[in-house]
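Asker: Sequence:
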Amino acid sequence: MQIKEKTLLKIHASSPEERSNFWAFVRTLKEKLRDFGLLSDSEIQNLDTQLSLTSLEDCINSFSNFISANQRMTFWKLNKETKKHEWISHPEKQARTLLSTWLSSRFGHDIYTFEEISSGAGRIDIFVISPAGEKAIIELKMCGNRYSLKYAIEGIEQLEHYMKNKKTQTGYLVVFDSRTRDYSKGFGQRQIMINDMTISTAIVDVRPKVKNK
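Residue numbering for the sequence shown is 877 to 1089, as defined by my numbering.
None of these hints come from the bench; they were simulated from the model. A few of these clues could be false.
Derived lysine-lysine pairs resembling BS3-like cross-links, with alpha carbons at most 27 Å apart [stated by the list, open to error]:
1) 969 x 956
2) 953 x 1043
3) 1042 x 1026
4) 1085 x 1061
5) 959 x 1085
6) 956 x 1085
7) 959 x 908
8) 1061 x 969
9) 1026 x 960
10) 1061 x 953
11) 1061 x 960
12) 969 x 1011
13) 1085 x 960
14) 1085 x 969
15) 1026 x 1043
16) 1042 x 1085
17) 969 x 959
18) 1026 x 1085
19) 953 x 1026
Model the full assembly from the supplied sequences, consistent with the hints where possible.
Answerer: Structure below.
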């Protein structure tokens, strides 16, 4: 069972709700076909790969929207003396926990997620593997309020290093951006190719205050 490229392009162009409904339908159909013995093991593996990594980007984007709308203030504490918001202790750990939970609730057993896996000189934030063996690496970075743009952008180099060590072609840099004036600026192209590797950048709006228009 192969989902055609033309179909995938239409899915990518649809709304987040339509994409979510489509993948939910395909997962249900896959289980029915498996139960009736109408899919071979190789066809199931092929479909599992498409289900997991093709929709992973959609999942990260929906996570970004959810955090911005409902959970952004979980990254902040109010300094009673200065009356200003400050990052909580270890905000990247909070980000990793939230995203891992989101991935697990979205995909269930369609993917396996591992946190803080050693890779060369560093540790991977989230390592994703589909049942068919397809892999993706997710690097999380804070930006703003003592976390510089340079620090966030360094995530690209880290991803490249991790992806080479793990022989992985797909990587995601997820930036939790708290800059009021320069929100989302300075990251260049949101998707880049490095040799045979693809790295995509997603920006999560966690500004404790939004600049008035």
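Asker: Please go over all the hints and tell whether each is borne out by the structure.
Answerer: Here's how the hints hold up against the structure:
1. Proximity of residue 969 to residue 956 is assessed by CA-CA distance (about 24 Å); at most 27 Å being required, the pair is judged to hold.
2. As the CA atoms of residue 953 and residue 1043 are separated by approximately 39 Å, the hinted pair breaks the 27 Å bound.
3. The hinted pair formed by residue 1042 and residue 1026 meets the criterion: a straight-line CA distance of about 25 Å does not exceed 27 Å.
4. The suggested pairing of residue 1085 with residue 1061 holds, with an alpha-carbon distance near 17 Å, which does not exceed 27 Å.
5. Distance hint between residue 959 and residue 1085 is fulfilled; the C-alpha atoms sit about 12 Å from each other, no more than 27 Å.
6. Between residue 956 and residue 1085, the direct Cα distance comes to roughly 16 Å. Compliance with the 27 Å bound is thereby established for this hinted pair.
7. Proximity of residue 959 to residue 908 is assessed by CA-CA distance (about 56 Å); at most 27 Å being required, the pair is judged violated.
8. Taken as a hint, the residue 1061 and residue 969 pair is honoured in the structure, with Cα atoms around 24 Å apart against an allowance of 27 Å.
9. Taking the CA atoms of residue 1026 and residue 960, the gap is near 24 Å; set against the 27 Å cutoff, the hint holds.
10. A C-alpha spacing of about 25 Å is found between residue 1061 and residue 953, which places the hinted pair at or below 27 Å, so the restraint holds.
11. Between the alpha carbons of residue 1061 and residue 960 the distance comes to roughly 23 Å, so the proposed pair stays at or under 27 Å and holds.
12. With a C-alpha separation of about 22 Å, the suggested pair residue 969 and residue 1011 falls inside the 27 Å cut-off, and the hint holds.
13. Under the criterion of a C-alpha separation no larger than 27 Å, the hint pairing residue 1085 with residue 960 is consistent with the structure, at around 10 Å.
14. At most 27 Å may separate the alpha-carbon atoms for a hinted pair to count; residue 1085 and residue 969 meet this at roughly 22 Å.
15. Only pairs whose Cα atoms come within 27 Å are accepted, and residue 1026 paired with residue 1043 is accepted, the gap being roughly 26 Å.
16. Distance hint between residue 1042 and residue 1085 is unfulfilled; the C-alpha atoms sit about 39 Å from each other, more than 27 Å.
17. Restraint check for residue 969 and residue 959: the C-alpha separation of about 25 Å stays at or below 27 Å, so the hint holds.
18. Annotation: proposed proximity of residue 1026 to residue 1085 holds, straight-line Cα distance about 22 Å (limit 27 Å).
19. Restraint check for residue 953 and residue 1026: the C-alpha separation of about 24 Å stays at or below 27 Å, so the hint holds.
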